[in-house]
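There are 2 protein chains.
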Amino acid sequence: MPKFDFDIITLGHGSGGLLTQRLLQSGVFDVLKNDMLDQQHDGAILELNGKIAMSTDSYVISPVFFPGGNIGELAINGTVNDLAMCGAQAKYLTLAFILEEGLPITEFWEILVSIKEAALKAGVQIVTGDTKVVEKGKGDKIFVNTSGIGLVHPKANIHHNRIKPGDKIIISGPMAAHGIAIMSLRKGLEFETTIESDTRNLNHITQQLFDLFGANIHFMRDPTRGGVASVLNEVAGMTQLGYLLDQKQIPVDEQVEGACEMLGLDPLYVANEGIFIAIVNPLIAESFLYQLKKEKDFTSAAIIGEVVDEHHGKVLMKSRIGGRRVVNYLTGEQLPRIC
Amino acid sequence: MPKFDFDIITLGHGSGGLLTQRLLQSGVFDVLKNDMLDQQHDGAILELNGKIAMSTDSYVISPVFFPGGNIGELAINGTVNDLAMCGAQAKYLTLAFILEEGLPITEFWEILVSIKEAALKAGVQIVTGDTKVVEKGKGDKIFVNTSGIGLVHPKANIHHNRIKPGDKIIISGPMAAHGIAIMSLRKGLEFETTIESDTRNLNHITQQLFDLFGANIHFMRDPTRGGVASVLNEVAGMTQLGYLLDQKQIPVDEQVEGACEMLGLDPLYVANEGIFIAIVNPLIAESFLYQLKKEKDFTSAAIIGEVVDEHHGKVLMKSRIGGRRVVNYLTGEQLPRIC
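Protein chains in written order, with the working numbering: chain P, 1 to 339; chain Z, 340 to 678.
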């Protein structure tokens with residue numbers, strides 16, 4: 001960490017004047033260094049040609065540090081992944097902070113370093129940014145917005161209207177790790193579990209999958225807030241097809257499942273930050289799964305169900321003991337500020 | 340306003356589940372309607388070719404409603420203008436909300452309608468978005484992030500390293516209206532003044548100016564937080580040239596000047612949201628000014644100074660009575676949360 005001549009963030013750091021400059025020049029620009037950011041204009045100039053995906057997310061997770069990560073890498077991975085789910089390789093990101101007066105500079109720095117490392121891993125550049133400061137009690141330590149653009153893979157064609165009955169539903173890894181990692185912290189269960197958030201970028205694996213399977217991948221989405229149940233309900237609503245899941249195929253880590261039981265949570269509704277759902281042509285489903293499972297982060301990937309031409313607009317689950325139940329939308333808020 | 344089945348924003352509206360859907364489907368998607376947003380994916384797919392500008396800003400202004408506008412149009416105009424200052428015509432915007440639990444839905448709706456109208460005026464499309472909700476007391480009504488991309492005008496070439504001694508410094512209109520409009524509200528002076536924020540888009544006028552003057556426009560920046568003094572100090576620091584202003588040429592409305600005096604503020608440091616500074620080739624300065632003044636929003640435009648090969652890295656002002664003083668960076672925070 002460089003030597004800052006202040007210990008906490010003050011309102012003046014959001015003034016746009018000398019203190020803002022001092023904050024940025026003390027190390028922020030250095031740590032995020034690249035040719036475009038170095039221009040220090042209010043915007044960046046880029047070259048990009050073709051079909052572009054664009055995405056935005058604000059991150060308000062509490063607490064900002066959690067097992068397996070912090071709000072900084074979450075903010076990079078989250079937007080990188082939203083673009084990946086559009087079939088795109090994230091390329092340029094913007095980064096905007098809303099800091100609460102009093103935030104220790106050491107915490108800000110730790111988050112910034114995570115941002116840098118996550119951006120490096122994902123292969124994206126942060127090209128422009130913004131820093132605002134609000135009074136103590138009008139924010140909560142730090143909120144981060146990242147927005148990004150990237151080129152859509154030439155073979156990708158992701159759209160909910162491409163989903164057909166018979167398509168297979170694939171999940172890339174075990175559910176609910178992120179939500180349970182946060183929830184354990186909040187409920188003070190951290191001493192009992194070693195559950196970590198699954199925050200990771202998904203852009204490298206999805207690019208590989210598009211290379212191999214192209215338009216046979218009909219749809220992709222990362223089940224963040226609201227979990228797998230919410231993503232599939234959204235898709236069911238849009239396509240008016242039925243989505244039939246097989247509970248015994250859905251991967252959940254043992255510790256996570258135990259924590260879910262203890263907390264009375266259904267893992268289907270719990271947030272994830274490092275897995276995706278793919279809905280694919282049944283002809284390539286096994287090959288897709290095979291490729292996915294070859295990668296160390298996705299060894300638990302599984303085919304968890306299929307799209308059917310009944311139960312229109314609904315998600316159903318075949319339970320372990322054979323019954324079927326409707327999996328509804330999350331009706332309230334299970335875990336506020338999970339991302 | 341459509342019929343919402345709730346009066347205030349609750350944490351559940353940020354769940355990503357049923358309530359989030361209900362909020363968005365009750366009218367948000369309708370009011371912002373366009374082909375790309377209608378996809379309701381986590382990202383949007385666009386076509387764009389060439390040199391692109393990208394920008395982001397979070398808006399945390401307090402109060403969110405103020406004379407002349409609200410946080411919604413500010414958020415659209417602000418990012419549109421940042422792109423305009425890069426020489427670009429804004430085309431696609433993302434929109435991300437951080438709502439505080441308890442925000443009246445009527446206020447949210449009013450802001451949303453302003454966003455729609457400002458986007459329409461500026462000719463930009465909101466292509467994707469995000470909605471988060473934080474607990475009461477962890478935010479302040481509503482924070483808005485907009486990020487945007489646009490095509491750089493083929494003739495534009497804006498860069499601080501293009502500024503040369505002899506260049507003229509032009510301002511597009513009277514200073515300090517936005518900051519004083521907000522400050523008057525906070526200090527309870529609203530009954531005494533009719534000062535309104537100058538929030539407006541600048542992209543149409545700048546496109547016209549790039550059509551006419553192209554690369555003879557060396558630099559452009561909108562003096563928002565920190566005002567004209569901060570922008571010029573930043574530029575002075577980057578170019579290591581001198582920036583000599585002539586106080587009697589700098590337009591300030593009479594009421595604004597009066598309010599500044601009453602509040603003990605120097606208008607050079609007060610925020611603006613609808614003017615820009617252009618640094619141009621002296622050969623075209625008068626024509627540039629003539630074109631600018633033809634437009635009703637820019638009739639007070641003026642040449643306020645020039646770039647000199649002395650006072651390196653500094654901004655100086657020739658006062659009305661002839662003396663010269665250094666115009667420093669704003670050292671503290673004059674008006675927190677002005678944008």
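Simulated from the structure, these hints should not be mistaken for laboratory data.
Take the hints with a grain of salt, since some may be wrong.
[Said to hold, decoys possible] What follows is a list of derived Cβ distance ranges for each label pair:
(1) Z:D605 <-> P:F4: 22 to 32 Å
(2) P:P104 <-> Z:F404: 51 to 61 Å
(3) Z:P402 <-> P:D5: 26 to 36 Å
(4) Z:S639 <-> P:E196: 52 to 62 Å
(5) Z:R361 <-> P:E254: 54 to 64 Å
(6) Z:G462 <-> P:G323: 32 to 42 Å
(7) P:G137 <-> Z:V370: 26 to 36 Å
(8) Z:R501 <-> P:T194: 38 to 48 Å
(9) Z:K632 <-> P:E110: 26 to 36 Å
(10) Z:G576 <-> P:K121: 28 to 38 Å
(11) P:D38 <-> Z:R663: 31 to 41 Å
(12) P:D309 <-> Z:F404: 28 to 38 Å
(13) P:P2 <-> Z:D605: 51 to 61 Å
[To be verified] Covered stretches of chain Z (chain P as the covering partner; in silico rule of three or more C-beta atoms under 8 Å from a C-beta of chain P):
(14) 466 to 477
(15) 508 to 519
Idealized CB from N, CA, C, for every residue including glycine.
The hints, checked one at a time:
1. Z:D605 <-> P:F4: 22 to 32 Å: 28 Å, holds
2. P:P104 <-> Z:F404: 51 to 61 Å: 33 Å, violated
3. Z:P402 <-> P:D5: 26 to 36 Å: 33 Å, holds
4. Z:S639 <-> P:E196: 52 to 62 Å: Holds, since Z:S639 and P:E196 (Cβ atoms, about 59 Å apart) stay within the stated range.
5. Z:R361 <-> P:E254: 54 to 64 Å: Taking Cβ atoms as reference, Z:R361 and P:E254 lie about 35 Å apart, which means the hint is violated.
6. Z:G462 <-> P:G323: 32 to 42 Å: 55 Å, violated
7. P:G137 <-> Z:V370: 26 to 36 Å: Cβ of P:G137 to Cβ of Z:V370: about 32 Å, so the range 26 to 36 Å holds.
8. Z:R501 <-> P:T194: 38 to 48 Å: With a Cβ separation near 56 Å, Z:R501 and P:T194 fall outside 38 to 48 Å, so the hint is violated.
9. Z:K632 <-> P:E110: 26 to 36 Å: Given a distance of about 51 Å, which is not inside 26 to 36 Å, the answer is violated.
10. Z:G576 <-> P:K121: 28 to 38 Å: 33 Å, holds
11. P:D38 <-> Z:R663: 31 to 41 Å: 33 Å, holds
12. P:D309 <-> Z:F404: 28 to 38 Å: At roughly 50 Å between Cβ atoms, Z:F404 and P:D309 fall outside 28 to 38 Å, so the hint is violated.
13. P:P2 <-> Z:D605: 51 to 61 Å: 32 Å, violated
14. 466 to 477: With 10 residues closer than 8 Å to chain P, the region 466 to 477 of chain Z meets the three-residue bar; holds.
15. 508 to 519: Contact hint for the region 508 to 519 of chain Z vs chain P: violated, 0 residues under 8 Å.
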